[in-house]
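Could you put the whole structure together from the sequences, leaning on the hints where they help?
Line order of the protein sequences matches chains A and B.
Taking the working numbering, the leading residue of the first sequence gets 1, the next gets one more, and so forth.
Taking the working numbering, the leading residue of the second sequence gets 1001, the next gets one more, and so forth.
Some hints could be false.
Said to hold, decoys possible - Cβ-Cβ distance ranges computed for the label pairs, FRET-style:
| no. | chain 1 | residue 1 | chain 2 | residue 2 | range |
| --- | --- | --- | --- | --- | --- |
| 1 | B | 1032 | A | 1 | 32 to 38 Å |
| 2 | A | 25 | B | 1024 | 45 to 51 Å |
| 3 | B | 1052 | A | 1 | 30 to 36 Å |
| 4 | B | 1104 | A | 27 | 33 to 39 Å |
| 5 | B | 1118 | A | 41 | 28 to 34 Å |
| 6 | B | 1021 | A | 107 | 35 to 41 Å |
| 7 | B | 1123 | A | 68 | 19 to 25 Å |
| 8 | B | 1019 | A | 42 | 33 to 39 Å |
| 9 | B | 1033 | A | 25 | 26 to 32 Å |
| 10 | B | 1012 | A | 4 | 45 to 51 Å |
| 11 | B | 1052 | A | 42 | 34 to 40 Å |
| 12 | B | 1105 | A | 118 | 16 to 22 Å |
| 13 | B | 1021 | A | 75 | 26 to 32 Å |
Everything labelled a hint here was simulated from the structure, so no lab data went into it.
Here a beta-carbon is modelled for each residue, glycine too, at the ideal position from N, C-alpha and C.
There are 2 protein chains.
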Amino acid sequence: MITYDQARQVCETYIQSLVTNDVDAILDLYAHDATVEDPVGTEARTGQDALRSFYAGAVTGVVEATLTGEPRLAGNEVAFPFQVIAGQPGEEIQINIIDIFRFNAEGKVDLMRAFWGSDNVGGKS
Amino acid sequence: MITYDQARQVCETYIQSLVTNDVDAILDLYAHDATVEDPVGTEARTGQDALRSFYAGAVTGVVEATLTGEPRLAGNEVAFPFQVIAGQPGEEIQINIIDIFRFNAEGKVDLMRAFWGSDNVGGKS
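So, in structure tokens, the structure goes:
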């Protein structure tokens, strides 16, 4: 079973890697056959190739990403709230997100679901 | 499809009803055959009778409950971070939680999953 410190470290590595546009570091957190549903309600992507394509786009323009509350670990799943700031200088937007990571027995994320919608996207305050 | 304002109102009613110990108001948010997994990783409870038993205990001693970030609506599911303060005066604890509500076509919650663990429980600061 994953520990709280391990789960928190995965959340922090994920968020930092969005900012540094480090797709390899993000993919290293995932199991080989992981599924990502981002945002929830859209078609899920499965497998490292599909995830690499997705994250190559998703990290583009990310300027800042910050945890806005502590990760909540329950069983083998962690939920964590964060804020992303993205966009060109002077035209940044902020997006408030809650992600869920489910961990497999090896401590890799095998399911990710991202909760955010248009009402969570706004001009940078 | 549920709107953001409707989803947010459900989250706020839920949190307020924890504080007022209003189990009927909580159950009214749920579909008849709803399932609650609280916390995630424990056995789920299904149906209004099982939910009534669960909430009769869960609301006991709740002193405060506050949204700690905006609800994130994605598709027909909303995730929201909140903090509960519970316990006797002078012995309160705080619990940081993220809940997910999935809405059915009638706007009732048919699945709830609550993310929190022992590392999210602390003395009141």
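Hint check:
Between residue 1032 (chain B) and residue 1 (chain A) the CB atoms are about 34 Å apart, so this pair conforms to the stated range of 32 to 38 Å. Roughly 49 Å separates the CB atoms of residue 25 (chain A) and residue 1024 (chain B), a value that falls within the hinted 45 to 51 Å. The beta-carbon spacing between residue 1052 (chain B) and residue 1 (chain A), approximately 31 Å, falls within the hinted interval of 30 to 36 Å. Distance hint for residue 1104 (chain B) and residue 27 (chain A): a CB-CB separation of about 35 Å, consistent with the stated range 33 to 39 Å.
Restraint check, residue 1118 (chain B) to residue 41 (chain A): a C-beta distance of roughly 32 Å satisfies the suggested window 28 to 34 Å. Between residue 1021 (chain B) and residue 107 (chain A) the Cβ separation comes to about 40 Å, which falls inside the hinted range of 35 to 41 Å. The given range of 19 to 25 Å is respected by residue 1123 (chain B) and residue 68 (chain A), whose C-beta atoms sit roughly 22 Å from each other. At about 35 Å, the beta-carbon gap between residue 1019 (chain B) and residue 42 (chain A) stays in the expected band of 33 to 39 Å.
Between residue 1033 (chain B) and residue 25 (chain A) the beta carbons are some 42 Å apart, a value that contradicts the proposed interval 26 to 32 Å. For residue 1012 (chain B) and residue 4 (chain A), the Cβ-Cβ distance of about 29 Å falls outside the hinted range of 45 to 51 Å, so the restraint is violated. Range check, residue 1052 (chain B) to residue 42 (chain A): about 35 Å between beta-carbon atoms, so the 34 to 40 Å window is met. Distance hint check for residue 1105 (chain B) and residue 118 (chain A): the Cβ-Cβ separation is about 21 Å, which falls inside the suggested range of 16 to 22 Å.
In this structure, residue 1021 (chain B) and residue 75 (chain A) meet the distance hint of 26 to 32 Å, their C-beta atoms being roughly 27 Å apart.
Of the numbered hints given earlier, the model fails hints 9, 10; all others are met.
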